[in-house]
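> Residues per chain, in single letters:
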Amino acid sequence: MDLLRFITAGSVDDGKSTLIGRLLYDSKSIMIDQLEAIERQSKNKEEGEIDLALLTDGLRAEREQGITIDVAYKYFSTPKRKFIIADAPGHIQYTRNMVTGASNADLAIILIDARNGVAEQTRRHSIIASLLNIRHVVVAINKMDLVNFSQDVYNNIVIDYAKVAQSLGLKQVTYIPLSALQGDNIVEKSDKMSWYEGPSLLNYLEEVEIQDTIDLTNGRFPVQYVIRPQTDDLHDYRGYAGKIISGVYKVGDTVTVQPAGIQSRIKAIEVAGKEVEEAFAPQSIVLHLADNIDISRGDVIVNAAQPVKTAQELEVLVCWMDNKPLVPGNKYLLQINSRVVRSVVRNIEYKLDVNTLERNEAPAQALLNDVIKATIKTASPIPYDSYQELRANGGAILIDETSHVTVGACMIQ
Amino acid sequence: MSAYRLDYLDQLESEAIHIFREVAGQFERPALLFSGGKDSITLVHLALKAFRPGKFPFPLVHIDTGHNFQEALDYRDALAATLGEKLIVRHVGDTIKAKQLTEPKGKFASRNALQTFTLLDTIEEFKFDACIGGARRDEEKARAKERIFSVRDEFGQWDPKLQRPELWNTYNGKIHKGENVRVFPISNWTELDVWNYIRREKIGLPSIYFSHDREVIEHQGQLVAVSEFIQLESTDRVLTRKVRYRTVGDMTCTAAVESTATNIDDIITEIIATKTSERGETRIDDRVSEAAMEDRKKNGYF
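Chains X and S, in that order, are what the protein sequence lines are. FYI, the working numbering numbers position 187 of the first sequence as 187, with every residue one higher than the one before it. FYI, the working numbering numbers position 277 of the second sequence as 277, with every residue one higher than the one before it.
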């Protein structure tokens, strides 16, 4: 059994909460006491039917206002897969929360109300999915019951969305017509849309091949911690602990320690205390090298056959996440995996309109939820890959040195 | 390439080990909060995988309410001795005396809320900057929103509206003096994942997780163990039932479930079949209000 992480983008109006509620309910992941609790609350709110949104909206403020503010994580499994849903808000003022939820997703479900077709927010959610390099997109055309399960409506939306997908370079797009409220094409194929030949949503989620979301080509191993017991019997033990974020490592492989650029050879690999001949992403391992070299947290042990880029000046797309604006010249800590360095934002080249992809040249500053293209200079060299080519080694966060808050998400170009 | 594929339990394990090592790499004085329950026992097992043959870069810390199951305490002491790791125990009873706190009254007077005082004092005493805990997001809807690195202010308070964005697998552990971070390595595990992992890894558990005879009373459909910590009323009927515990908390606020499951396989079969959530079935303290957990967490609770 494997694991699929996906994000649902849309607003309550699109039936997002109903869709999640239905997936959880039909996979028997909602327990009786939880259902009773939301039934009680639904009555408190004097609404006729059970409000499945109450299941996902976990904070008091969200329940009171009837909106999703922050990302909530929900879990369900079928005999084929375990699923982690990042349930993210869809409104533009919560773009940063959607970016957060999307950062770990293998797949995005983008909800479209069949009555409205491709809307501004559909484009925004798709742009974010493409910026965050989510490989698989499911376009869930919901509320088909309200358009008489019409194939024409479905076809027109597919034609419209295909243009969006093409402009964004989204390659793996799947269209599913459904009714979350009535359960059509959610778990079982609906008999009301015999013209639709594809799988039900759950069936698709169970079967979609996601192995391509893990890069097994480029060996990248950021060191998190050095294990040195320094006891009598383990006097010479020096193990580099970390997680392989991409690629495969074999005993005997030549590696380069970056950013220093020193070469060595893998002497041994341990996985959970057992020596193995090879290990691969995303395993957590302990690596032993043939030479005694100075390696510490933040260094990246790279498979020498697949070199990494190293630079002190980075071209990045930044999603700004703080109330205080980003102004060129501001200094931040930049953290990429386990490496943290000082950095300064040199200039802002343009601001991206996340609804239209239009570029507004050289804005004076970036505000909360803005996506901008900028140049960042770092105090020491950063080993990195392009985010679009290797997500695991191309994403970095910016941290405010005084408040310590995470203020920006960088996708290195 | 299909040989390079990890099972979901291996993925969850690797993620948890990664989080443990981030704590070791980012903090000066971390601690692992250990309760003797299955989730914190799983954490210890994961810490072994993260740090052996080295020592843990943190002590185990138990906040003892004085209302624990003896079996859980025995397990705790035996485990610390076997591991050769440091165990720090601090007692809620001592805090009550020293600070002249008022004990809750009533039939199931629970020290659950008072635990927070002792926890915050202990964090202060040892200057802990990170506390690792076994909370999971599937347990409760407020927890579903919490970060893996969850920053608490100097009063131990959680502000759900001011959480840091947490992207990719990059964890920001930067804090001001006096603040601390609660870290949850098994955030993405469900109850069933934990049990499947315990089965796969053959992890030992306190005996109360398995079916045994116990004297209980029935309270609003839940079975509560008879102990010196609860007050029996004349109308209470003491029954002997075959029960096991699905979670292990205080004797005053943890209910047992009727069961004949004597091994992990049987327990997993029962959990797959159950129609009630873990906290709903076994926790008396969550029933106070819809936002009981959110309110407790805001005040410094785990």
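Keep in mind the hints are simulated off the structure, nothing from the lab. Just so it is clear, the structure is predicted and the values come from calculations on it, not from any experiment. Worth double-checking, as some hints may not be accurate.
What the hints assert, rightly or not - As a list, the in silico EDC-like pairs of lysine to aspartate or glutamate whose alpha-carbon atoms are at most 16 Å apart: (1) S:K161 with X:D233; (2) X:K28 with S:E201; (3) X:K274 with S:E125; (4) S:K275 with X:D26; (5) S:K55 with X:D33; (6) S:K177 with S:E125; (7) X:K274 with S:E201; (8) X:K28 with S:E191; (9) S:K49 with X:E275; (10) S:K275 with X:D33; (11) S:K177 with X:E401; (12) X:K80 with S:D7; (13) S:K275 with X:E36; (14) S:K49 with X:D33; (15) S:K174 with X:E36; (16) S:K55 with X:D233.
> Hint by hint, which ones does the structure fall short of?
Result: hints 1, 2, 3, 5, 14 and 15 break, sorted rising.
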